[in-house]
Amino acid sequence: MSGEIPAGSLRLAGVTKRIGRFVLGNISLEIAPGEYFILLGPSGAGKTTLLEIIAGLHPLDAGEVWFGAEKVTHLPPEKRRFGIVYQDYALFPHLNVRENIVFGLKKVAHNQAEQELTRLVDLLGLGHFLSRRPQTLSGGEKQRVALARALIMKPRLLLLDEPLAALDPQTKEALQPELKRLHTLTGTLTVHVTHDFEEAFLLGDRVGVMEGGQLRQVGSPAEVFNRPVSPSVARFVGAENILQGRIAEEKGEKYLHLGAASVEVETDKSGEVQFSIRPEQIRVYPTTPSENHCRGKVLAVHPKGLISRVIIDLGVTLVAMVETRTWGQATLAPGATVYCSIPREAINIF
Amino acid sequence: MGGRFFRLGNALITYALALFIVATVGAVLVRGVPGIPAALKSPELLFALRLSLFTSLVSTVLAFFVALPAAYSLARGNLPGGKIVADLLRIPLNLPPIASGVALLLFFGTTRWGRALANLGLEFVFTVPGIILAQFFVNVPALITVLKGALETTDQRLENVARTLGCTPAQAFLRVTLPLIRNSVLAGLILTWGKALGEFGAVLMLAGATRFKTETLPVSLYLSLATGDLEALLATASLLILIALFSLAMFERARIKLDERGTIL
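Residue numbers (the numbering used here), protein chains in the order written: chain A, 2 to 351; chain B, 1097 to 1361.
Just so you know, not all the hints are guaranteed correct.
DEER-style ranges, computed between Cβ atoms [said to hold, decoys possible]: (1) A/Gly213 - B/Leu1113: 54 to 60 Å; (2) A/Ala175 - B/Val1181: 46 to 52 Å; (3) B/Ala1195 - A/Ser44: 49 to 55 Å; (4) A/Glu324 - B/Pro1265: 52 to 58 Å.
Calculated from the model, a selection of chain A residues having no Cβ within reach of chain B, i.e. all distances over 10 Å [to be verified]: (5) Arg19; (6) Ala91; (7) His95; (8) Gly188; (9) Phe198; (10) Ser309.
Hint data in this document are derived by calculation from the structure and do not stem from the laboratory. A virtual CB, placed ideally from N, CA and C, is assigned to each residue, including glycine.
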């Protein structure tokens, strides 16, 4: 590869690893110094394996791992200075919180270690727990201890394996901004594995979508959210309407026909295409505000608080999210006639 | 109604078996224990006791240092051909000890390897090192099984984290995994030691039964039987039973501690 390699960046080149029948295939990825990178994917996609490969815990079948200008492919984990936090935190059960946190510190620099410990304990609010055993802590507390244990080593990069997955919704909500804060504070390149798209959207500078041992798409959260590159990525990020249609050209403009509707699109593709539309980008009205709307029939309504998931027959079946408050007197019920509009930017052609 | 008879039947059989064991073992103790102080003045029994303690301790320590790495590589599941190796390692566990003894005797007494070792001064046939080897051979598979079981309950990821915190694989094992399985290690060692102390068949075949030379407690018991010395026989048997009871009690203690930790986790 040519060009400058920024110090403190992480680069994977053609990383390949076979474990039993599972193959992590030819993964190439560059993460900028200080970036918060999210590895997103369903369980079994190989996210944790990739994280462990970055940590140096699995020898590679092929490919290279670089940290800045240093090739670390064959460097053992103890020499990489990459910190890891596992989903259920993997705290050492035979040690108390304090012993867990200082586990990796060398005995020599005792004073400095003490200072470092105090700083992290304050930062993470662990003052009351130092002499407790991990078994007696709540999920959120364990999480902080695991973070402190990794951070006290001043890691060159931080690997987080589903750090919020095992927490209850409230704790999770409280810890998300805390992760962001820690990242801003330390500026450490972070790779965060999750299967939760909202988490990815909230925390990630960039997102890499993994599936079946492959890295399918890398981009900003908005990019991945709005422009998934394949039906499977679209399905995973919640773009539920995955359809087939035909692009026709009329007077130099391209139109996509779906059911009775036709929407102007900008694309260099033509003929039969596959595309996705996010449900919340379809606008649904009780009466027709203009001529560009197509008529449909409501098949089912699933209320979800202020928003309802509505299944509409437009010649093709579409899922739309409708804010029911805006409907006033009109009823949104199966059998009702509705009018939909689909903005051209909502159409994502694969 | 059927359920009640079923439970009652099971309970009766359980109690009957327990009673039977207490009666038989007790019969030996009742007649043998009073003779122990006198027997302990006999130089022959003292020799056997000392030899038994020495050989069983040495063979247990050896077994530990071989079983631990073996159990680790089997438990972590990254050993090529691990399943077959695990089966091979279990062979002595299911072999009658006396057959193990024959195998050892043949190997060290008649093969080129055995003779080569003997020429290097490692003589096992009819010697004290032979006693240790026989105890080791018979006991090491059980110890591997105990340690492997304990290691399988520990989380590989704890070692992974330790590695990222600067530990070599060996340091990660010693600082994290070993402390976590220490009760199982203790239980396994007590079990191994108790069995080594009582090992007879394999020891007899390889090391023979020479008075004041390869005479361990079980061998001494056998010799007393052969010469019809009933008093010495009962005293020796009682001694062996008491040691066994002691090691069983220690084993249970270690296991209970392990369970307590298990419930906290």
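Here is how each hint holds up against the structure:
no.	hint	result
1	A/Gly213 - B/Leu1113: 54 to 60 Å	holds, 56 Å
2	A/Ala175 - B/Val1181: 46 to 52 Å	holds, 49 Å
3	B/Ala1195 - A/Ser44: 49 to 55 Å	holds, 50 Å
4	A/Glu324 - B/Pro1265: 52 to 58 Å	holds, 57 Å
5	Arg19	holds, 14 Å
6	Ala91	violated, 5 Å
7	His95	violated, 5 Å
8	Gly188	holds, 19 Å
9	Phe198	holds, 25 Å
10	Ser309	holds, 43 Å
Against the hints set out earlier in the document, violations occur for numbers 6 and 7.
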